[in-house]
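> Protein chains in written order, with the numbering used here: chain A, 1 to 452; chain B, 1 to 462.
If you're looking for bench data, these hints aren't it; they were derived computationally from the structure. There could be a bad hint or two in this list.
Pairs of lysine to aspartate or glutamate residues, derived as EDC-like cross-links and limited to a Cα-Cα distance of at most 20 Å, are as follows [unchecked claim]:
hint, chain 1, residue 1, chain 2, residue 2
1, B, LYS224, A, GLU48
2, B, LYS224, A, ASP156
3, B, LYS231, A, GLU164
4, B, LYS224, A, ASP241
Predicted, not measured: the structure shown is a model, and the values here were computed from it.
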Amino acid sequence: MSTITPTQPVAPAESEIEVGGLLAEFRSAADVVSAAKLLRRQGYQNLEVYSPHPIHGIDKVLNAKGSLLPWGALAGAIIGLTGGLWMAWWMNAVDYPFIISGKPMFSFLPSLPVAFELAILLAAFAVFGGAIALGGLPRPANRLFRIPAFARATNDRFFICVDEADAKFQTEKTKTLLQDARSVRIESVPVIDSRESKLPRPFVLVAIVLSVLALIPPVLIAKARSTTSTLPRLSFISDMDHQPKFKAQTTNSLFADGRSMRPQMAGTIAQGDLRDDSAFYRGIQEQEAAGSVSGDSEGNVTFLTGTLTANGVASIKDEQPKNVPKWVTEFPVPVDESLIRRGQQRYEIFCATCHGIGGDGDGLVTLRALELEQGTWVKPTSLHAEPIREQPVGQLYNTIANGVRKMPGYASQIPVRDRWAIISYLRALQKTRTATADEVPADVLPNMRELN
Amino acid sequence: MATATLNEFDNTVIDPAVRPPLMGGENSLSSITEQVASLAERQHAPRAWKIAFAISTSLTVMLFALIGYLIATGIGVWGNNSPVAWGWPIVNFVFWVGIGHAGTLISAILFLFRQDWRTSINRFAEAMTIFAVMCAGIFPAIHIGRVWFVYWLAPLPNSLAMWPNFRSPLLWDVFAVTAYATVSAMFWYLGMLPDLATLRDRATTRIRKIAYGIASLGWTGSSKQWRLFEKAYLLLAALATPLVLSVHTIVSFDFAVSQVPGWHTTIFPPYFVAGAVFSGFAMVITLMVPARQFFGLKNLVTLRHLENICKIVLATGMMVGYAYATEFFIAWYGGNKYEQFAFINRALGPYAWAYWTMVSCNVLAPQLFWFKAVRTTPWAMVVICVLVNVGMWFERFVITVTSLSRDFLPSSWGYFTPSLIDVLMFVGSFGLFFTLFLLFCRFLPMVAMAEVKSVLPESGGH
Numbered sequence: 001m002s003t004i005t006p007t008q009p010v011a012p013a014e015s016e017i018e019v020g021g022l023l024a025e026f027r028s029a030a031d032v033v034s035a036a037k038l039l040r041r042q043g044y045q046n047l048e049v050y051s052p053h054p055i056h057g058i059d060k061v062l063n064a065k066g067s068l069l070p071w072g073a074l075a076g077a078i079i080g081l082t083g084g085l086w087m088a089w090w091m092n093a094v095d096y097p098f099i100i101s102g103k104p105m106f107s108f109l110p111s112l113p114v115a116f117e118l119a120i121l122l123a124a125f126a127v128f129g130g131a132i133a134l135g136g137l138p139r140p141a142n143r144l145f146r147i148p149a150f151a152r153a154t155n156d157r158f159f160i161c162v163d164e165a166d167a168k169f170q171t172e173k174t175k176t177l178l179q180d181a182r183s184v185r186i187e188s189v190p191v192i193d194s195r196e197s198k199l200p201r202p203f204v205l206v207a208i209v210l211s212v213l214a215l216i217p218p219v220l221i222a223k224a225r226s227t228t229s230t231l232p233r234l235s236f237i238s239d240m241d242h243q244p245k246f247k248a249q250t251t252n253s254l255f256a257d258g259r260s261m262r263p264q265m266a267g268t269i270a271q272g273d274l275r276d277d278s279a280f281y282r283g284i285q286e287q288e289a290a291g292s293v294s295g296d297s298e299g300n301v302t303f304l305t306g307t308l309t310a311n312g313v314a315s316i317k318d319e320q321p322k323n324v325p326k327w328v329t330e331f332p333v334p335v336d337e338s339l340i341r342r343g344q345q346r347y348e349i350f351c352a353t354c355h356g357i358g359g360d361g362d363g364l365v366t367l368r369a370l371e372l373e374q375g376t377w378v379k380p381t382s383l384h385a386e387p388i389r390e391q392p393v394g395q396l397y398n399t400i401a402n403g404v405r406k407m408p409g410y411a412s413q414i415p416v417r418d419r420w421a422i423i424s425y426l427r428a429l430q431k432t433r434t435a436t437a438d439e440v441p442a443d444v445l446p447n448m449r450e451l452n
Numbered sequence: 001m002a003t004a005t006l007n008e009f010d011n012t013v014i015d016p017a018v019r020p021p022l023m024g025g026e027n028s029l030s031s032i033t034e035q036v037a038s039l040a041e042r043q044h045a046p047r048a049w050k051i052a053f054a055i056s057t058s059l060t061v062m063l064f065a066l067i068g069y070l071i072a073t074g075i076g077v078w079g080n081n082s083p084v085a086w087g088w089p090i091v092n093f094v095f096w097v098g099i100g101h102a103g104t105l106i107s108a109i110l111f112l113f114r115q116d117w118r119t120s121i122n123r124f125a126e127a128m129t130i131f132a133v134m135c136a137g138i139f140p141a142i143h144i145g146r147v148w149f150v151y152w153l154a155p156l157p158n159s160l161a162m163w164p165n166f167r168s169p170l171l172w173d174v175f176a177v178t179a180y181a182t183v184s185a186m187f188w189y190l191g192m193l194p195d196l197a198t199l200r201d202r203a204t205t206r207i208r209k210i211a212y213g214i215a216s217l218g219w220t221g222s223s224k225q226w227r228l229f230e231k232a233y234l235l236l237a238a239l240a241t242p243l244v245l246s247v248h249t250i251v252s253f254d255f256a257v258s259q260v261p262g263w264h265t266t267i268f269p270p271y272f273v274a275g276a277v278f279s280g281f282a283m284v285i286t287l288m289v290p291a292r293q294f295f296g297l298k299n300l301v302t303l304r305h306l307e308n309i310c311k312i313v314l315a316t317g318m319m320v321g322y323a324y325a326t327e328f329f330i331a332w333y334g335g336n337k338y339e340q341f342a343f344i345n346r347a348l349g350p351y352a353w354a355y356w357t358m359v360s361c362n363v364l365a366p367q368l369f370w371f372k373a374v375r376t377t378p379w380a381m382v383v384i385c386v387l388v389n390v391g392m393w394f395e396r397f398v399i400t401v402t403s404l405s406r407d408f409l410p411s412s413w414g415y416f417t418p419s420l421i422d423v424l425m426f427v428g429s430f431g432l433f434f435t436l437f438l439l440f441c442r443f444l445p446m447v448a449m450a451e452v453k454s455v456l457p458e459s460g461g462h
């Protein structure tokens with residue numbers, strides 16, 4: 001567009017039509033500031049100054065408005081801070097409650113570091129993005145770039161561009177004005193070319209094709225997530241999904257019998273096999289302990305109401321099978337004072353926390369749980385209640401070993417002998433509430449005083 | 001402004017009546033452009049650059065090969081083992097993050113304090129920050145073992161319907177380091193926009209025109225852009241300042257929030273931040289002295305710049321030394337036997353060699369900076385600053401390894417020995433750092449031209 005050769009007078013006839021504005025070059029910041037002042041005094045509005053470094057005071061001359069950037073930073077910081085706190089609260093207290101040592105699900109201070117970092121990050125995004133966008137960037141094409149002399153705007157020269165859209169703009173007059181303001185060179189700026197503001201056609205086509213192609217993977221993922229498939233799932237990194245090991249009930253060519261599972265070696269005993277004293281280890285009478293699953297006296301396994309006999313013929317029974325084991329009613333260990341003392345000590349370690357020292361179901365854990373009122377706690381039954389008092393020792397033993405209702409089994413914590421010791425102490429504990437005067441040894445009775 | 005005219009180049013003389021110039025020699029707008037931009041425009045790289053680049057890229061390749069080996073094999077290839085589950089990888093992480101801090105300090109905090117001398121070195125230091133944070137980020141990322149689950153660190157919806165624990169300092173760390181890397185990169189890039197435009201306008205080949213044209217986003221230097229630029233730069237500096245303090249604070253929380261004796265102390269945040277600034281400035285000297293020599297930037301990066309940095313190294317070194325002393329005092333005064341043992345064990349236990357290396361390098365070596373002759377002799381400062389970096393690596397080693405190797409129960413004590421992979425990976429991280437740095441020196445404006453121009457006397461600078 002620039003048909004005018006630089007530094008030569010502009011031919012009036014063509015300039016009035018062709019010129020999009022004037023670009024004047026200056027040697028120093030001081031010159032460009034005074035030129036801008038001059039033009040402003042003359043009433044020019046549509047000015048822009050270009051310089052290799054920021055010129056202080058130019059904003060006042062050009063009557064520039066304050067920027068929105070600080071407000072953007074403030075908004076970013078507020079969103080980051082509240083968003084961070086909300087994230088910590090919603091993720092750790094609502095959607096996936098993190099229970100850590102009974103602490104509150106949400107607390108302010110530990111949520112602060114993330115919220116603080118997000119506040120800074122979002123504020124910085126707002127500032128950075130704001131500075132780029134408000135500055136009209138990115139803008140790869142610019143009509144000023146067509147003027148070779150303008151390249152020095154980022155090096156050592158200062159420029160003023162007066163747009164022809166300015167009400168005061170008159171090519172010759174403006175040019176004279178700029179020359180008087182010590183401009184060293186004046187160029188005419190090409191008018192805005194309509195091609196400039198448009199992307200080249202191939203770019204547009206490629207962009208459309210790429211954006212359509214980019215939709216394919218998310219669509220496929222969405223389809224895969226919402227439908228079922230008979231194929232095994234794709235495993236890019238198998239982690240420990242597939243382990244080289246022999247599983248139970250599978251074949252294995254390594255052994256002559258073709259089985260993965262190995263029979264017991266001659267002369268060895270499997271763990272737990274020595275525990276054949278059913279009364280001691282299980283609290284159940286000997287004859288009941290034949291099978292590991294409860295069954296009837298003929299050794300047949302019962303499944304709910306059906307019975308599978310030894311020869312494989314199933315018969316349906318009309319009545320409910322009696323699956324209650326025959327509990328041991330007598331202690332399978334000798335009970336003496338040392339056993340009861342041991343039992344008391346173990347009881348106070350393992351049982352009293354929930355059941356209470358006196359066995360009334362008022363242990364510290366219970367009291368705290370009831371205080372929290374979270375609705376998940378079942379108060380333990382008082383050990384002095386009638387049904388507990390009447391339970392055979394075998395059943396009590398079974399409760400300690402395997403648990404009952406909400407109470408977990410303590411088999412892994414309390415050894416077999418200690419379980420019996422606890423039961424012996426429990427029996428003594430129960431006696432403290434029910435014993436009559438004639439059950440108390442005669443030599444102790446005079447030392448007792450009336451309670452309540 | 002009274003400006004001393006110095007023919008022979010010594011602006012370290014302090015004369016209260018004369019304000020020493022920020023730069024040496026006769027500088028004009030175009031001479032600065034010429035001097036800085038020509039470094040990034042050379043057709044062929046100098047021989048020394050090629051040799052350095054060949055070495056550092058080889059080390060980088062080694063680093064990534066070892067990372068591949070580690071991912072394929074598992075983190076057992078490191079020396080990490082119970083009780084020292086945090087070995088060199090975490091030491092290296094803290095070391096590299098700390099180095100980064102000087103860059104932000106120079107670019108943000110000195111900017112807020114209107115320390116104009118920073119303009120010659122801030123680009124350089126910011127680049128160092130970003131590359132150091134990149135090196136730092138690698139170590140915790142591969143330390144998680146199954147790197148393909150690295151996205152579990154972020155609060156992203158996943159098939160486990162599970163969220164990260166917001167009360168864990170390790171999660172805070174993820175946010176802090178990511179925010180720090182992002183904000184530093186934005187700060188660096190925004191500051192570089194005008195200089196990229198300079199390179200674009202000087203470009204002679206088509207490839208350079210297109211590359212710098214895209215990178216500079218069409219910057220013209222209009223007063224509107226400068227207004228936004230200055231405002232944004234100020235705001236980013238104001239945001240980066242609390243950020244840089246928070247990052248190493250949170251890194252120190254990784255240790256301080258745990259209950260291991262020697263870690264569970266409230267002094268850690270300020271102590272870590274001072275240590276980070278200390279090591280970062282030492283690294284600036286280590287890089288800056290050879291670079292100004294090699295690239296002929298002596299009149300922009302003057303001896304006075306280096307002297308100022310030496311003073312900061314001395315000051316922060318004393319803070320670090322004070323923190324060492326305070327730790328011991330509190331261990332004694334606090335009356336906690338485990339804490340007392342942890343510190344006696346540090347100084348006199350099996351890692352005493354590491355402890356006293358740390359003290360000599362960090363506390364004793366910088367004391368030489370009390371002498372002006374040392375502060376103004378480039379080779380002497382490089383030697384001291386390399387020692388400081390060695391010492392700061394050992395500081396993190398001492399904190400991490402001595403505390404973990406002997407915590408509460410003597411039955412679980414152990415002695416940590418790094419594996420060869422540990423050592424090679426640390427060396428490789430230096431390779432990555434220098435590769436990025438050499439690329440930066442070759443293709444990007446090493447000195448913030450526009451900022452230097454604005455502090456020239458002729459532009460009404462200060």
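> Each hint needs a verdict: does it hold in this structure or not?
Here's how the hints hold up against the structure:
1. LYS224/B with GLU48/A: holds, 8 Å
2. LYS224/B with ASP156/A: Roughly 18 Å between the alpha carbons, so the hint for LYS224/B and ASP156/A holds.
3. LYS231/B with GLU164/A: violated, 30 Å
4. LYS224/B with ASP241/A: It is violated: about 60 Å lies between the C-alpha atoms, which goes past 20 Å.
This entry does not satisfy hints 3 and 4, going by the numbered hints stated previously.
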